[in-house]
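Asker: Sequence:
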Amino acid sequence: MKTVARAAEMLEVLAACGPGAGLSVTQVAQRGGMSKSAAFGLLQTLRHYGLVADEGEGMNRRYRLGMSLARLGDRAQAQVSLRDTARPVLRELTAATGMASRVAVPQDGQAVIVDQVDTRGGLRLDLRMGARELPHCTGIGKALLAAMPEQQARELVARTGLPRRTSRTITDEATLFSHLSDVRATGYALDDEEDADGIFCIGSVVRNHRDECVGAISITGLKLDLPGWRFRELGLQVRDFADRISHSLGHDGAAAPAAGRFPATEGP
Numbered sequence: 001m002k003t004v005a006r007a008a009e010m011l012e013v014l015a016a017c018g019p020g021a022g023l024s025v026t027q028v029a030q031r032g033g034m035s036k037s038a039a040f041g042l043l044q045t046l047r048h049y050g051l052v053a054d055e056g057e058g059m060n061r062r063y064r065l066g067m068s069l070a071r072l073g074d075r076a077q078a079q080v081s082l083r084d085t086a087r088p089v090l091r092e093l094t095a096a097t098g099m100a101s102r103v104a105v106p107q108d109g110q111a112v113i114v115d116q117v118d119t120r121g122g123l124r125l126d127l128r129m130g131a132r133e134l135p136h137c138t139g140i141g142k143a144l145l146a147a148m149p150e151q152q153a154r155e156l157v158a159r160t161g162l163p164r165r166t167s168r169t170i171t172d173e174a175t176l177f178s179h180l181s182d183v184r185a186t187g188y189a190l191d192d193e194e195d196a197d198g199i200f201c202i203g204s205v206v207r208n209h210r211d212e213c214v215g216a217i218s219i220t221g222l223k224l225d226l227p228g229w230r231f232r233e234l235g236l237q238v239r240d241f242a243d244r245i246s247h248s249l250g251h252d253g254a255a256a257p258a259a260g261r262f263p264a265t266e267g268p
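Okay, so the sequence shown: first residue is 1 according to my numbering, each after it adds one.
In case anyone wonders, no lab produced these hints; they're calculated from the structure. Cβ atoms here follow ideal geometry from the backbone N, Cα and C, with glycine treated the same way. Keep in mind that the hints are not guaranteed to be accurate.
[Stated by the list, open to error] Each pair of labels, with its calculated beta carbon distance range:
(1) 230 <-> 92: 46 to 56 Å
(2) 107 <-> 178: 36 to 46 Å
(3) 108 <-> 224: 27 to 37 Å
(4) 50 <-> 222: 47 to 57 Å
(5) 68 <-> 120: 20 to 30 Å
Construct all of the structure, not just a fragment, from the sequences and the given hints.
Answerer: What follows is the structure, given as structure tokens:
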């Protein structure tokens, strides 16, 4: 176990190098806190399995991460299900807020619900699995819309329109895109009775290791007399829980660009 731990630490040392850079065996040993002979032995073993690569000879020999790690990383990502990863986090989110929570994936530019966690007892809202959420008036839909490149978002809005659902629905394109700028700034989207009277929804996007938006989560509840500060408090909670799921998918936590990226192929 100790050898495995040292090998893992060594890979982290090499991962800290910049693009195109490499480390000598002496540097690896110093940064890994081990003897030069132990570092050399581990490097040769990892090199045998393609986890480490080297170039140069003698004193000029330098080590870097091997391409087998890229292959393993792609396979690891393929084995990760957003639904399975999100499920325990949604349970915690529902327990923390007392509100139903959902996860959706982008499909044809819209949010498709793939899982949900209901509250125990109390009011049960009609949150249907597989339903498509309108992008302009739902919390989870607006979160995904805000993550799109603006041109793609405008094309989607032109295709779906801005149908009025309640008296609070945003039906003006300029107002909507100004609102989406606020969503990107805060990291969460609020549907304040815009899709159904008396109901609010707060959504935030989930990103993968490539900083691509792969879905979003949300909470839904009765508005009642909730003060404005409570919506912000809930929004930050949803954002933090979404960030936890993103971290599980390999996202490094770096700020997403204003015009986000979606995977080349979208779907559940």
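Asker: With reference to the structure, classify each hint as holding or not holding.
Answerer: Right, here's what the structure says about each hint:
no.: 1; hint: 230 <-> 92: 46 to 56 Å; result: 19 Å, violated
no.: 2; hint: 107 <-> 178: 36 to 46 Å; result: 26 Å, violated
no.: 3; hint: 108 <-> 224: 27 to 37 Å; result: 34 Å, holds
no.: 4; hint: 50 <-> 222: 47 to 57 Å; result: 56 Å, holds
no.: 5; hint: 68 <-> 120: 20 to 30 Å; result: 46 Å, violated
Hints 1, 2, 5 from the list above are not met by this structure, while the remaining hints are.
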